[in-house]
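Asker: Just need the whole structure built from these sequences, with the hints factored in.
Spelled out from the first residue to the last, the chains are:
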Amino acid sequence: MQNQVPTVSKIIEPLLWIFFIVSFICIPLYFIQEKVIYLGKYIRINGLSLIIFTTVGFFGALISTYSKRYLQGFTYQKRFSLFSIGFVLSVLFFVIANSSILILLSWFLMGLFMAKLIGVNADWGEARHASNYAFRFFFSSTILLGLSLSILTYYSSSFQLDYILNNLDLIPNSMLVIAAILLIIAGFIQSALFPFHRWLLSAMTAPTPASALMHAGFINGAGILFTLFASLLIRSNTLMLLFVLGGFIALIAQFVKLLQVNVKHKLACSTIAQMGFMVMQCGLGFFNAAIAHLILHGFYKAYLFLSSGEEIEMSNPNKVTKINIKIIQAFFVILFGLAGAVLFMLLTGKTSLNNTSIFLTLIVAITVGQATYNIIREKSYSFGQRLIVSISFFVIGIVLYAVFYNAVSLILNESNFVIKPHQLSLFEISFGILFLASFFLMKLGIYRNSPWLYVKLLNLTQPNKNTILKFKS
Amino acid sequence: MNHQILKQNIELAATSVGTTWPLYSFVTSNPLSGYEKQNFKTACLNAYQKTGNLALPDAHFFKDALQTNLLNSSQLAEILKTHQYSGNIDRYFEEIKELKSKSNLNKTQAVDQVLVKWMSVFLDEGLADWEMPNKEKGFYAAWKSLAKYDANLNISKSFNFPKDSISAIEKFTNDISTNEQVKIFEKHFASLHGWVGFLKYRQENTTEWFKKFPFPLADYLAVRILISYFLKVSLPSNFYLTESEQKVFNVSIDCLKAIEDAWQNKMVYQLNLAASNPIQKNEPIDVQLVFCIDTRSELIRRNIEIAGNYETYGYAGFFGIAMDYEDAFSGIKRKSCPPILASAYKVTEEGNIEEENNFKKLKKQHKRSSFKNYFLKRMKNILPSAFGFVEGAGLVYGFQLVKRSFFFKKDHQKDIKYLETTCKTKVEHANDASELSLDERVQIVKSAFDLMGWKKFADLVVFAGHASKTANNPFASSLDCGACAASPGRHNARLIAQLANQTEVRKALLTKHQIKLENNTLFIGAEHNTTTDEISLFDGDAPIKFEAKIKALKSDLKIAQKTATLERLGKSNSVNLAYRKSSDWSETRPEWGLAKNAGFIIGPRALTQNMNLESECFLHSYDWKKDEDGTALNAILNGPMVVTQWINNHYYFSTVNNANYGSGSKITLNIVGKFGVVQGNGGDLKTGLPLQSVKQSDENYYHKPQRLSVFINAPKQLINSLLNNNPNLKKLIENEWIHLLAIDPLHNNKVDKYVAENKWNNLSAT
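So the protein sequences, as listed, match chains X and W.
Each residue of the first sequence is one higher than the one before, counting from 1 in full-length UniProt numbering.
Each residue of the second sequence is one higher than the one before, counting from 1 in full-length UniProt numbering.
Just so you know, the hints here were simulated from the structure itself, not pulled from any lab data.
Hints are not guaranteed to be accurate.
Unchecked claim - Derived DSSO-like pairs: lysine-lysine, alpha-carbon spacing no greater than 30 Å straight-line:
| # | chain 1 | residue 1 | chain 2 | residue 2 |
| --- | --- | --- | --- | --- |
| 1 | W | Lys-41 | W | Lys-212 |
| 2 | W | Lys-380 | X | Lys-470 |
| 3 | X | Lys-456 | X | Lys-35 |
| 4 | W | Lys-409 | W | Lys-380 |
| 5 | W | Lys-424 | X | Lys-10 |
| 6 | X | Lys-379 | W | Lys-7 |
| 7 | W | Lys-551 | W | Lys-507 |
| 8 | W | Lys-377 | X | Lys-379 |
| 9 | W | Lys-187 | X | Lys-465 |
| 10 | W | Lys-148 | X | Lys-456 |
| 11 | W | Lys-364 | W | Lys-409 |
| 12 | W | Lys-426 | W | Lys-403 |
| 13 | X | Lys-10 | W | Lys-7 |
| 14 | W | Lys-346 | W | Lys-100 |
| 15 | X | Lys-470 | W | Lys-102 |
| 16 | W | Lys-596 | X | Lys-68 |
| 17 | X | Lys-465 | W | Lys-360 |
| 18 | W | Lys-372 | X | Lys-326 |
| 19 | W | Lys-360 | W | Lys-424 |
| 20 | W | Lys-212 | W | Lys-247 |
| 21 | W | Lys-333 | X | Lys-379 |
| 22 | W | Lys-731 | W | Lys-7 |
| 23 | W | Lys-759 | W | Lys-596 |
| 24 | W | Lys-424 | W | Lys-403 |
| 25 | W | Lys-554 | W | Lys-571 |
| 26 | X | Lys-68 | W | Lys-100 |
| 27 | W | Lys-596 | W | Lys-730 |
| 28 | W | Lys-333 | W | Lys-187 |
| 29 | X | Lys-456 | W | Lys-211 |
| 30 | W | Lys-380 | X | Lys-443 |
The structure presented is a predicted model; accordingly, all values stated were derived computationally and were not measured.
Answerer: This is the structure:
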């Protein structure tokens with residue numbers, strides 16, 4: 001009576017959990033040793049490798065546990081497991097590769113396996129189309145990355161990644177810029193950032209756990225790629241580009257998310273926004289923050305995908321009544337916002353007021369302010385309770401983040417480029433203000449009055465036409 | 001053309017598609033209910049012609065039947081011969097496979113895509129924060145105001161939109177005959193039958209959403225016709241079976257009939273026909289327990305009866321109370337009686353006097369939890385807190401991932417009992433909020449006893465409603481009580497117990513109806529959790545003198561839970577396994593619901609006592625001797641029997657064509673608008689049970705797609721006269737949507753099968 005779980009799926013689960021635990025244990029060991037391990041010229045294990053090992057190990061293991069039951073009876077359960085493990089291995093390969101060829105190959109394999117997962121249900125026409133569609137994106141990304149790496153390899157006459165990155169002087173400036181831009185586009189495609197987002201919105205043919213793996217793993221490609229090539233981006237002066245594009249994408253995607261009516265598309269738009277933010281952090285010179293963000297976002301998004309069956313709810317249509325805020329409440333909003341900012345600065349060491357870190361601090365301040373703003377008006381708590389809830393909310397949140405952030409930073413320490421805050425330019429300041437001001441735009445809800453904007457944004461997020469309603473079965 | 005006629009044609013055409021119920025109150029209804037006036041086979045073919053959705057069981061269903069001897073190969077060969085089928089048996093199976101795996105390009109894809117886009121944003125029930133503009137004007141007007149910005153439509157600047165939907169339809173169809181019109185509308189409806197079915201649901205039930213954001217079927221047609229015009233897409237042609245495909249279909253239907261016949265014979269062989277008179281027990285019964293007619297009750301009833309000196313009854317799980325239940329805190333009202341009944345009563349909670357503080361506490365709890373949801377939504381939606389929130393809360397989500405994957409809940413008792421001990425149900429008329437008269441209350445209680453043919457009362461009587469408890473399951477409500485319109489049945493159970501305990505009700509029962517309830521009989525409400533087979537008694541205010549009895553019952557119920565789950569799950573440690581299934585977020589088959597339902601037995605428990613019906617049968621207690629004029633039976637036929645027919649037909653069609661009549665596999669479902677699901681990137685709204693509710697694996701069925709066989713323990717003349725008075729029911733049986741069999745007590749319980757026009761065929765286990 002019971003369906004048999006394929007042997008592969010059964011074996012993979014404990015292996016991945018063991019792999020996760022071992023990687024996790026290796027991190028402190030590595031930290032004590034503080035030595036990058038080389039296996040020959042082209043394989044290199046460093047802090048970043050171990051962090052990604054642990055992360056991917058965790059998600060891979062979790063997904064295998066979840067899908068063992070979730071996919072029971074699914075004709076292609078075995079293939080699902082094989083593709084997942086293929087994907088996990090290509091990520092591992094990617095983060096230990098020290099050769100431009102290996103990097104390129106593993107980047108290609110990541111895309112290949114992810115495309116296969118999107119179309120794992122081979123009996124389903126739309127899924128096959130979605131798979132091909134996604135693969136075309138991933139393949140283009142590989143080509144662009146290949147071009148970028150060819151330039152770097154050609155001018156430095158070496159395939160060895162660390163050699164290339166330590167000798168960027170050998171490469172003419174214009175070539176550096178071209179290589180950086182190609183690399184950036186390659187990253188953007190894999191992270192589904194506008195205007196390359198369509199594959200992600202057409203990828204819901206993947207079984208739910210594959211989506212979780214996609215949104216917690218695959219999608220982070222840009223973050224890892226940019227961190228690996230941080231010195232190239234810095235040398236080519238393209239960080240500002242990342243900051244502006246990332247910020248812009250984060251902003252649009254967050255708006256687009258508001259009008260999604262199905263769970264998985266809503267989550268996908270949220271992912272695009274978060275990836276935009278991650279790229280923005282890279283642009284600010286905080287590659288360590290980007291790595292921390294991609295892991296934390298992975299937890300968040302994997303959870304939301306795996307529990308995406310919980311969104312059925314009966315409700316009545318109602319208008320949200322506006323509640324005005326009292327002066328004393330506003331006082332606490334500002335006070336706690338500032339307190340949150342100070343706590344964040346102290347705990348994460350971002351104490352400067354005039355370099356790019358101030359931007360991240362401001363985001364924390366506003367977030368704390370927004371949280372307090374909501375809590376302080378909630379009538380089911382007494383005023384004292386509201387203060388306590390607000391304080392514990394932001395203190396716990398910031399402390400948890402700071403611990404995680406500092407741990408990631410420590411491990412990434414050996415690379416000199418992961419924390420490169422710079423002085424803010426006037427342009428960056430103005431864009432930053434625009435970004436933060438969008439908060440008021442959202443709060444006021446002016447955007448709701450534009451039907452034109454609504455239609456444009458709605459059409460922007462439709463899946464590819466071959467992946468929906470193509471067949472009558 | 002006359003607008004009235006146009007509207008009538010629209011309504012008429014809409015009967016060609018089924019109703020799509022929202023998943024928060026998932027009613028298992030017959031997707032072909034609009035075809036019920038036709039013969040089953042004809043209906044399947046007509047529906048195929050119009051929608052392209054073929055209802056045909058898989059080849060392996062017939063192969064399995066060959067193996068289990070419900071069908072034998074000579075019989076099959078005979079059927080093939082009758083239909084002049086040229087190939088052999090293997091070829092026939094091959095052809096079924098080929099026929100079922102046919103897949104065509106969707107000719108109206110372009111129109112469907114645009115329309116689905118607009119319908120889903122309009123119909124959303126709160127998933128999106130940014131609503132479609134102008135929704136309150138109704139669909140046609142709202143769409144009209146946005147269509148000019150939709151680059152996909154290529155609308156020329158000079159185009160003048162008709163002022164309303166009816167004029168739009170008229171503009172494009174006024175030179176067509178009524179008959180043609182209906183056919184055209186049917187095609188338009190069939191293209192997106194799931195979404196259209198949901199429009200039907202909203203319109204028929206005039207939901208709050210419909211009132212505020214009207215979306216009549218005419219708006220759908222108007223917009224569809226206009227989009228087709230802009231995109232130059234013509235109507236699709238009908239679907240037809242080739243001659244040989246038609247043969248395959250005919251053969252299959254005959255095989256199905258043969259299998260059903262064999263199953264009925266098997267049942268007759270097993271039934272305890274000699275003992276339609278209740279087994280006389282010498283000692284007095286300790287407790288009587290009433291369960292829903294649901295197929296899942298059979299298992300728990302049998303195990304309870306074994307556990308001690310208990311007697312069990314089957315009664316429709318809404319316990320005869322046509323009511324809506326309003327949540328005391330959210331104010332959300334749900335139907336809690338069969339969808340075919342109008343709700344006469346509204347039931348809600350009021351705090352017990354001595355529990356005033358706890359009630360307040362519950363209220364506060366509810367407020368806080370809805371604040372929590374609101375708060376999280378705000379943090380996730382608003383810029384830039386969306387980014388700060390993810391970073392601050394990320395580790396907590398990581399922790400939750402591990403917790404939900406490895407640590408499962410062990411016990412649900414606490415979850416539900418708190419409200420029930422703190423509050424008592426409060427009932428009033430639905431229309432004017434007035435109180436129920438004594439007569440009405442007496443009537444509710446009396447009908448229950450009448451329909452079940454109740455004779456003697458034990459000291460303790462339990463009314464057990466049922467509900468399921470599952471995690472991460474969009475179809476959770478499909479596992480709740482079908483007789484309560486997919487709501488949990490506990491509130492109905494509590495209410496009937498409360499009414500039966502009222503002193504004035506008992507007095508009236510005695511004086512007016514000679515029903516003697518001893519003073520010491522206590523009624524209590526309960527809930528049977530079908531996922532874990534745990535039974536919670538709502539005994540908070542039971543008098544102290546019943547303490548010992550209740551305690552003994554509780555411990556026996558625990559034993560019954562153990563044996564029942566062991567039987568159902570087939571593994572030691574079955575109780576823990578059941579709890580795991582009930583709280584595991586990765587479990588797609590937490591329980592089987594009503595799968596395998598095949599029979600409905602109306603008669604005394606003695607007929608089925610001591611036999612294992614393997615949860616294949618609905619059971620309604622009934623005693624023909626206490627029902628001389630057939631009033632009770634008439635009520636059972638019109639109520640419970642129709643509900644079981646809906647359920648059975650729903651399971652049938654969801655099983656044989658899961659992609660179109662069901663919802664497809666859960667693993668790629670995507671919740672839309674908080675009320676429904678689509679597959680993958682979107683498309684038509686799904687209308688039925690998911691694959692995991694009816695199939696063991698992508699290939700193999702779990703549910704046996706058989707039409708319901710209704711066995712009634714009553715004289716044939718009585719049944720004949722009732723059918724003559726209910727032409728609809730008669731048609732339903734004559735058209736083979738269900739089978740009717742009489743266990744005639746006037747002829748030594750000989751079993752006959754109803755054929756047509758009050759004619760019966762003998763069917764005895766020989």
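Asker: Each hint should be assessed against the structure and marked as holding or not.
Answerer: Evaluation of the provided hints:
Straight-line distance between C-alpha atoms of Lys-41(W) and Lys-212(W) comes to about 41 Å, which puts the hinted pair past the 30 Å bound. Between Lys-380(W) and Lys-470(X), the direct Cα distance comes to roughly 34 Å. Violation of the 30 Å bound is thereby established for this hinted pair. Proximity of Lys-456(X) to Lys-35(X) is assessed by CA-CA distance (about 52 Å); at most 30 Å being required, the pair is judged violated. Restraint check for Lys-409(W) and Lys-380(W): the C-alpha separation of about 28 Å stays at or below 30 Å, so the hint holds.
At most 30 Å may separate the alpha-carbon atoms for a hinted pair to count; Lys-424(W) and Lys-10(X) exceed this at roughly 50 Å. With a C-alpha separation of about 50 Å, the suggested pair Lys-379(X) and Lys-7(W) falls outside the 30 Å cut-off, and the hint is violated. Taking the CA atoms of Lys-551(W) and Lys-507(W), the gap is near 29 Å; set against the 30 Å cutoff, the hint holds. Under the criterion of a C-alpha separation no larger than 30 Å, the hint pairing Lys-377(W) with Lys-379(X) is consistent with the structure, at around 18 Å.
As the CA atoms of Lys-187(W) and Lys-465(X) are separated by approximately 22 Å, the hinted pair is consistent with the 30 Å bound. Between the alpha carbons of Lys-148(W) and Lys-456(X) the distance comes to roughly 11 Å, so the proposed pair stays at or under 30 Å and holds. A threshold of 30 Å between alpha carbons decides the hint, and for Lys-364(W) with Lys-409(W) the separation of about 24 Å falls inside it, so the pair holds. Distance hint between Lys-426(W) and Lys-403(W) is unfulfilled; the C-alpha atoms sit about 39 Å from each other, more than 30 Å.
Between the alpha carbons of Lys-10(X) and Lys-7(W) the distance comes to roughly 58 Å, so the proposed pair goes past 30 Å and is violated. The straight-line distance between the Cα atoms of Lys-346(W) and Lys-100(W) is roughly 47 Å, outside the 30 Å bound, and the hint therefore fails. For the hint pairing Lys-470(X) with Lys-102(W), the CA-to-CA distance comes to about 14 Å; that is within 30 Å, so the pair holds. Taken as a hint, the Lys-596(W) and Lys-68(X) pair is honoured in the structure, with Cα atoms around 25 Å apart against an allowance of 30 Å.
With a C-alpha separation of about 53 Å, the suggested pairing of Lys-465(X) with Lys-360(W) is violated against the 30 Å cut-off. A hinted pair counts as satisfied when its Cα atoms are at most 30 Å apart, and Lys-372(W) with Lys-326(X) qualifies at roughly 21 Å. For the proposed pair Lys-360(W) and Lys-424(W), the alpha carbon gap of about 14 Å is at most 30 Å, so the pair holds. Restraint check: the Cα-Cα separation between Lys-212(W) and Lys-247(W) comes to about 50 Å, which exceeds 30 Å; the hinted pair is violated.
Pair hint Lys-333(W) plus Lys-379(X) holds up; C-alpha atoms about 24 Å apart against a cutoff of 30 Å. Between Lys-731(W) and Lys-7(W) the CA atoms are separated by roughly 28 Å; this keeps the pair inside 30 Å, and the hint holds. The straight-line distance between the Cα atoms of Lys-759(W) and Lys-596(W) is roughly 29 Å, inside the 30 Å bound, and the hint therefore holds. Restraint check for Lys-424(W) and Lys-403(W): the C-alpha separation of about 35 Å exceeds 30 Å, so the hint is violated.
At most 30 Å may separate the alpha-carbon atoms for a hinted pair to count; Lys-554(W) and Lys-571(W) meet this at roughly 23 Å. Straight-line distance between C-alpha atoms of Lys-68(X) and Lys-100(W) comes to about 29 Å, which keeps the hinted pair within the 30 Å bound. Of the pairs offered as hints, the one joining Lys-596(W) and Lys-730(W) holds, with about 25 Å between alpha carbons and a cut-off of 30 Å not exceeded. Straight-line distance between C-alpha atoms of Lys-333(W) and Lys-187(W) comes to about 35 Å, which puts the hinted pair past the 30 Å bound.
Annotation: proposed proximity of Lys-456(X) to Lys-211(W) holds, straight-line Cα distance about 28 Å (limit 30 Å). For the hint pairing Lys-380(W) with Lys-443(X), the CA-to-CA distance comes to about 13 Å; that is within 30 Å, so the pair holds.
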